[in-house]
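*Asks:* Residues in the sequence shown are numbered consecutively from 1, following UniProt numbering.
Derived by calculation from the structure, the hints in this document are not laboratory data. Treat the hints with care, since some could be wrong.
[Stated by the list, open to error] Pair by pair, the computed Cβ-Cβ distance ranges are:
1. L272 / A81: 36 to 44 angstroms
2. E243 / D6: 39 to 47 angstroms
3. G56 / K122: 42 to 50 angstroms
4. K122 / D6: 43 to 51 angstroms
5. K163 / K121: 37 to 45 angstroms
6. K163 / T100: 24 to 32 angstroms
7. N186 / E243: 23 to 31 angstroms
Note that CB positions come from ideal geometry on N, CA and C, so glycine has one too.
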Amino acid sequence: MIKFKDIQKSIEGTRILDNITFGVKKGSIYGLLGSNGAGKTTLLKILSGIYRQEKGTVLVDGKEIYENMDLKERIFFIPDAPFFFSQYSLQQMGIFYGSTYKSWNEARFQKLQMEFGIDPKKKLHKFSKGVQRQAAFILALSSMPELLVLDEPLDGLDPVVRKRVKSLLIEDVAEREMTILISSHNLREVEDICDHVGVLHQGNLLFEKELDDLKTSIHKVQLAFKGDVPKEIMNELPLLHSEQRGSVLLLIVKGQEENILVAVEKYNPVILDLLPLTLEEIFIHEMGDVGYAIENIID
Numbered sequence: 001m002i003k004f005k006d007i008q009k010s011i012e013g014t015r016i017l018d019n020i021t022f023g024v025k026k027g028s029i030y031g032l033l034g035s036n037g038a039g040k041t042t043l044l045k046i047l048s049g050i051y052r053q054e055k056g057t058v059l060v061d062g063k064e065i066y067e068n069m070d071l072k073e074r075i076f077f078i079p080d081a082p083f084f085f086s087q088y089s090l091q092q093m094g095i096f097y098g099s100t101y102k103s104w105n106e107a108r109f110q111k112l113q114m115e116f117g118i119d120p121k122k123k124l125h126k127f128s129k130g131v132q133r134q135a136a137f138i139l140a141l142s143s144m145p146e147l148l149v150l151d152e153p154l155d156g157l158d159p160v161v162r163k164r165v166k167s168l169l170i171e172d173v174a175e176r177e178m179t180i181l182i183s184s185h186n187l188r189e190v191e192d193i194c195d196h197v198g199v200l201h202q203g204n205l206l207f208e209k210e211l212d213d214l215k216t217s218i219h220k221v222q223l224a225f226k227g228d229v230p231k232e233i234m235n236e237l238p239l240l241h242s243e244q245r246g247s248v249l250l251l252i253v254k255g256q257e258e259n260i261l262v263a264v265e266k267y268n269p270v271i272l273d274l275l276p277l278t279l280e281e282i283f284i285h286e287m288g289d290v291g292y293a294i295e296n297i298i299d
């Protein structure tokens, strides 16, 4: 659905994005990770048609987004600081978006504002930032967009609301193939909803992969031998990390499970266990392999 190709963008003489190329499939949730200042917001504003890139193309269903009003009606963007008209209530913002989006679902709007318990007649600027963000999600989901673009969307939400918002997003993806591009500086915030992730750092896309591929391409192996650890095993396996804990050898190995087992079993270990890795552990070793500190995207 989305194709970024060789995107370049500078602001006030500073290069913000440098030849960014990647794609997002329809009906998927893509997590764009990176520290503050990595270029995430700029890229999302280009996708939303707010900024124009200096070089490269960004296509949604094969069409350029900038100045394409028909295409913009299918996209909803929630920035890191949601915008509402001054003195407007949620009810008034609903009327505005109802006239802007042809796909507006009034019944859903009424249902969601009751579910979240927001007074529809109270001026939005009088609410906390967390409630304002909830209001932005209500408006976004009621607009029934084909593409939802989210910039640090979960900041300020309490755990219960955060869980409900994630559930609503997943439902829309599953039921009507809505596509989501979500940015975050925190891996833990998005790891349970994304099926694809990319890491942006200083305007460059360092790395991107499907989460399922990540989880099957790196393994934690626990080994023990009757005697010394065979030196050959350390040279034979594509190791990312090794650690000796008493008589037990702990390895982080890149590769497919069956290949790892074949390589290890011929040395007749007395203990051979494949242990699960958390997504955080996978990123620590995967990103370390390309010289990037995972601490930059995990708070």
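*Asks:* What are the numbers of the hints the structure violates, in ascending order?
*Replies:* 1, 5
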